[in-house]
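Asker: Next come the chains, spelled out residue by residue.
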Amino acid sequence: MNALSRSLAVFALLAAGPGSAADATVAYALTNLHWAIYQTPDGKAECPEGFNEGNREQFKKRFPEAATKRSLQATQLQWEIDSWYPTTADDGFHFLEAHGPIALGLNLDGRVGPSDFTSPEGEPGIDNQLYRALGCIKNYRFPDGAIQFFDDEMIGRDPYNRIIVEIAGAGDLVNAPHVQVTLFRGRDPLLYDATGKKVVPGGSQRIDTRWGLRFIRQVHGSITDGVLTTEPADLVYPWAPFFLPTDEYMHAARLRLKLTPTHAEGLMAGYTDIASWYLQMMRSWSTHHQNYGQTSAPALYRALRRLADAYPDPATGANTAISSALRAEFTQVVIVPSSRPDAAALAGRQPTGPYRSPP
Amino acid sequence: MGMRATGRASARIAPSILALLASAPFAPWSCAWAGSQETEPYLQVPMPPHFRVEATELDGPVFADPHGHTLYIWPFKIMRVGNTGDPKGQSHCTAVKTTESTGYMSPYPGGLELPELDTRPSCTQLWPPLLAPPDAKPVGKWSLIKREDGAKQWAYDGSAVYTSVLDREPGDVLGGERYDNEGDSPAVRRPIGPPADVPPGFHVSNTTSGRLLQNERGFSIYASDADEPTKSHCDAACTQTWIPMAAPASARPHGAWTIIERVPGERQWVFRGKPLYRYTLDSRATSLAGSDEPGWHNVYTQRAPPPPPGFTVQDTTSGQVLADSRGMTIYWYTCGDDALDQLSCDHPSDTQVYRFAMCGGDWQRCLRTFPYVIAPPGATSHSRSWTVIDIDPKTGRRSSGAQPGTLHVWAYRDRPVYRFAGDQRPGDVNGDGYGEFRGERQGYNAFWLRDDYFGRGG
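The listed protein sequences correspond, in order, to chains D and L.
Per our numbering, the very first residue in the first sequence carries number 5; after that it's consecutive.
Per our numbering, the very first residue in the second sequence carries number 30; after that it's consecutive.
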């Protein structure tokens with residue numbers, strides 16, 4: 005820990021108010037977030053058949069130029085209908101899933117199953133079926149996947165996405181058996197350095213109690229060897245990558261973050277609600293934008309439903325959620341005390357349920 | 030009325046409408062200081078003979094032809110692929126019916142046959158050019174352009190001028206589209222009007238809650254209940270948060286605008302008896318955030334008419350939306366087709382093929398996904414902006430009230446409004462941006478009244 009980090013740590017702890025080190029509270033703002041995609045340099049290990057076709061390619065195959073003039077209603081609008089009101093019916097296009105034994109993520113169910121992956125560090129039982137669906141779509145691959153880029157970029161740029169994680173009882177950030185973790189939404193811009201690219205610690209954040217109550221959630225956790233792990237909890241979190249208020253819903257979400265006084269990074273994993281995920285994708289990324297990195301929305305929807313592995317619908321038995329993981333990076337911030345809601349406003353808050361499509 | 034000298038004026042809305050507005054209390058639109066009867070003052074500018082200015086409920090004062098029909102222009106716009114609209118000095122709106130798509134909006138190709146060609150109008154059938162007599166002479170910003178057939182057409186500030194077949198009475202602006210003409214929206218037509226009578230450094234813009242007064246950079250102007258017409262009670266500590274709008278030494282009172290002297294040499298603008306301020310915590314233009322502070326309000330040159338009784342306002346994760354009596358978000362539908370003439374497709378008189386696609390593909394499904402907002406029996410409107418219309422749900426078009434299956438629905442700007450079946454609780458806006466290009470090109474958009482994060486509604 006350098007001098008600056010030590011100073012900031014002390015500042016953060018002091019800002020939290022009087023008390024012992026065990027009472028220390030530290031807060032971080034989310035600065036980067038993207039779906040955890042395991043990639044080899046050329047992609048051939050996880051995508052041996054190459055990458056998926058996008059909507060432009062499939063549109064051309066499905067509606068080839070013909071001697072008679074094609075109608076806008078039967079082509080363009082039909083594609084939009086199929087994207088906004090997707091089904092699981094086979095459309096004849098072959099979807100390329102990600103393969104291989106390795107994926108990023110967490111063991112969500114405590115078991116090692118036949119569909120599970122092994123983490124790059126060798127941990128077995130990794131549940132991340134969303135990776136199978138997204139891993140071979142260029143839009144979601146680093147560094148040039150357009151959706152991956154904008155999803156990530158707008159986390160920092162747009163205050164709607166200002167997720168704050170506050171850890172109470174954090175002690176020395178190395179070992180604390182019982183911590184209380186509160187998720188808020190902040191309402192202020194991040195503090196950037198002179199390059200305008202890098203978020204620096206110590207910025208202030210007001211908690212958004214005007215519009216952000218839906219995002220407040222408290223969970224229990226622990227810190228072991230500098231790694232925060234939280235207990236599973238259903239979570240709704242803001243993620244608006246393109247100027248519309250869109251949110252995500254994750255069942256049994258949990259954090260595994262490596263902590264330092266100035267930064268936190270790691271994974272947020274759980275079972276992503278498919279209807280909520282797909283709605284967020286469609287509202288954020290038009291057919292045009294999906295085309296930047298070869299997403300075919302109807303094909304992706306079928307893959308999500310096929311790979312769904314949790315939370316069966318009581319009526320149909322079909323799974324409604326898919327195991328998933330996000331890579332997340334945070335930078336330390338100071339919460340403006342006067343913006344803090346009282347304890348009664350925090351305790352026992354439960355997320356509203358996931359989105360359900362119209363009949 | 031011939032050529033008029035430059036001066037100041039205030040158009041008037043019909044007294045009967047004013048009475049209705051005044052008798053329609055609705056919290057978000059009521060404002061302790063701003064009476065809903067006031068219309069926006071404007072500068073009188075030279076106009077062609079017999080042209081006039083009409084007050085409108087939503088767009089402020091607009092120019093009108095001698096019959097009172099609102100005048101519009103079609104601003105040139107750069108699309109995703111290519112551009113359209115009228116360049117200065119030319120009209121691209123012709124009597125030739127467009128039959129195929131242009132491919133302005135990738136990834137779809139051009140050359141696709143447009144819907145319902147047998148009934149598709151030409152551009153000039155929907156937007157009749159405002160023709161000028163052979164002896165017409167330019168005046169002020171009004172000039173004359175020559176159409177392809179040799180006819181003379183009026184132009185304002187270089188842009189060809191039209192009327193809309195949707196407008197029926199003086200003061201109608203039914204040809205106007207939603208306020209946002211940016212991003213991936215169609216190249217829409219816009220009503221034109223005289224400049225607002227505001228001092229240099231001020232600006233007025235359209236929002237769903239009224240004509241919002243701003244500074245020249247778009248930041249909102251506020252007023253305090255604690256102030257008096259001749260005195261500000263915002264002291265030194267207060268001015269750390271609320272910055273008085275300074276009036277230069279050369280400024281003079283006029284019309285609704287007066288000036289107070291806070292201390293010797295420090296002058297502040299006053300509008301309709303209220304000293305004006307900026308809010309230091311506004312982080313974006315067109316903000317309404319300062320109105321959360323007790324006693325402080327945004328300032329409007331005129332308020333939008335209130336929605337019908339029974340409508341509510343709901344908080345979302347981003348701001349506030351108009352909602353029905355159960356708190357479910359209200360949506361409007363926007364549409365411009367991907368053709369050279371960019372005809373609108375969001376009015377009941379337009380093709381419904383686009384809307385039916387975005388609500389699921391057929392009329393029965395549309396009634397389930399984006400149902401109309403049904404008006405209660407006997408419901409009446411308090412304004413011309415909100416009306417009850419009869420719709421045949423099978424076609425999406427107007428019907429006679431006697432036709433079986435007719436729905437009596439609420440309409441805003443003569444277009445039905447909707448709910449979304451994917452909204453489960455008050456404050457949900459899951460149908461917002463539901464359509465092509467995130468609902469900007471054609472699709473459903475929430476009726477935003479305030480949006481602190483994305484600026485919608487302004």
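Everything labelled a hint here was simulated from the structure, so no lab data went into it.
Among the hints, a few may not be true.
What the hints assert, rightly or not - Covered by chain D, according to a simulated footprint, are these stretches of chain L (three or more residues, beta-carbon under 8 Å): (1) 137 to 148; (2) 187 to 199; (3) 252 to 263; (4) 408 to 415; (5) 446 to 453.
As the list claims (entries may be wrong) - Distance ranges between label pairs, derived from CB positions: (6) L/GLN269 <-> D/PRO128: 33 to 39 Å; (7) L/ARG81 <-> D/GLU157: 36 to 42 Å; (8) D/ASP346 <-> L/ARG246: 34 to 40 Å; (9) L/LEU173 <-> D/GLU157: 44 to 50 Å; (10) L/PRO116 <-> D/VAL204: 45 to 51 Å; (11) L/THR259 <-> D/ALA351: 34 to 40 Å; (12) L/VAL110 <-> D/PRO318: 45 to 51 Å; (13) D/THR233 <-> L/SER312: 32 to 38 Å.
Think of the CB as a built atom: it goes at the ideal place given N, C-alpha and C, for glycine as much as any other residue.
Asker: Each hint: holds or not?
Answerer: Tested hints:
Closer than 8 Å: that is the beta-carbon criterion, and the segment 137 to 148 of chain L has 6 residues meeting it against chain D, so the requirement of 3 holds. Check on the segment 187 to 199 of chain L: 0 of its residues sit with their Cβ under 8 Å from a Cβ of chain D, so the three-residue criterion for coverage is violated. Check on the segment 252 to 263 of chain L: 0 of its residues sit with their Cβ under 8 Å from a Cβ of chain D, so the three-residue criterion for coverage is violated. For the segment 408 to 415 of chain L, the assignment as covered by chain D is violated, since 0 residues bring a beta-carbon within under 8 Å of that chain's beta-carbons and 3 are needed.
Coverage of a stretch by a chain is defined here by at least three residues with a beta carbon nearer than 8 Å to that chain's beta carbons; for the segment 446 to 453 of chain L and chain D the count is 4, and the condition holds. The supplied range of 33 to 39 Å is broken by L/GLN269 and D/PRO128, whose beta-carbon atoms lie about 59 Å from each other. Against the hinted window of 36 to 42 Å, the Cβ-Cβ separation of L/ARG81 and D/GLU157 comes to about 50 Å, which falls outside the hint. The hint said 34 to 40 Å for the Cβ distance between D/ASP346 and L/ARG246, and at roughly 37 Å that hint holds.
Range check, L/LEU173 to D/GLU157: about 49 Å between beta-carbon atoms, so the 44 to 50 Å window is met. At about 47 Å, the beta-carbon gap between L/PRO116 and D/VAL204 stays in the expected band of 45 to 51 Å. Against the hinted window of 34 to 40 Å, the Cβ-Cβ separation of L/THR259 and D/ALA351 comes to about 50 Å, which falls outside the hint. For the hinted restraint 45 to 51 Å between L/VAL110 and D/PRO318, the CB-CB distance of approximately 47 Å keeps it satisfied.
In this structure the hint that D/THR233 and L/SER312 lie 32 to 38 Å apart at CB holds, the actual value being about 35 Å.
When held up to the earlier numbered hints, the structure conflicts with 2, 3, 4, 6, 7, 11 and fits the remainder.
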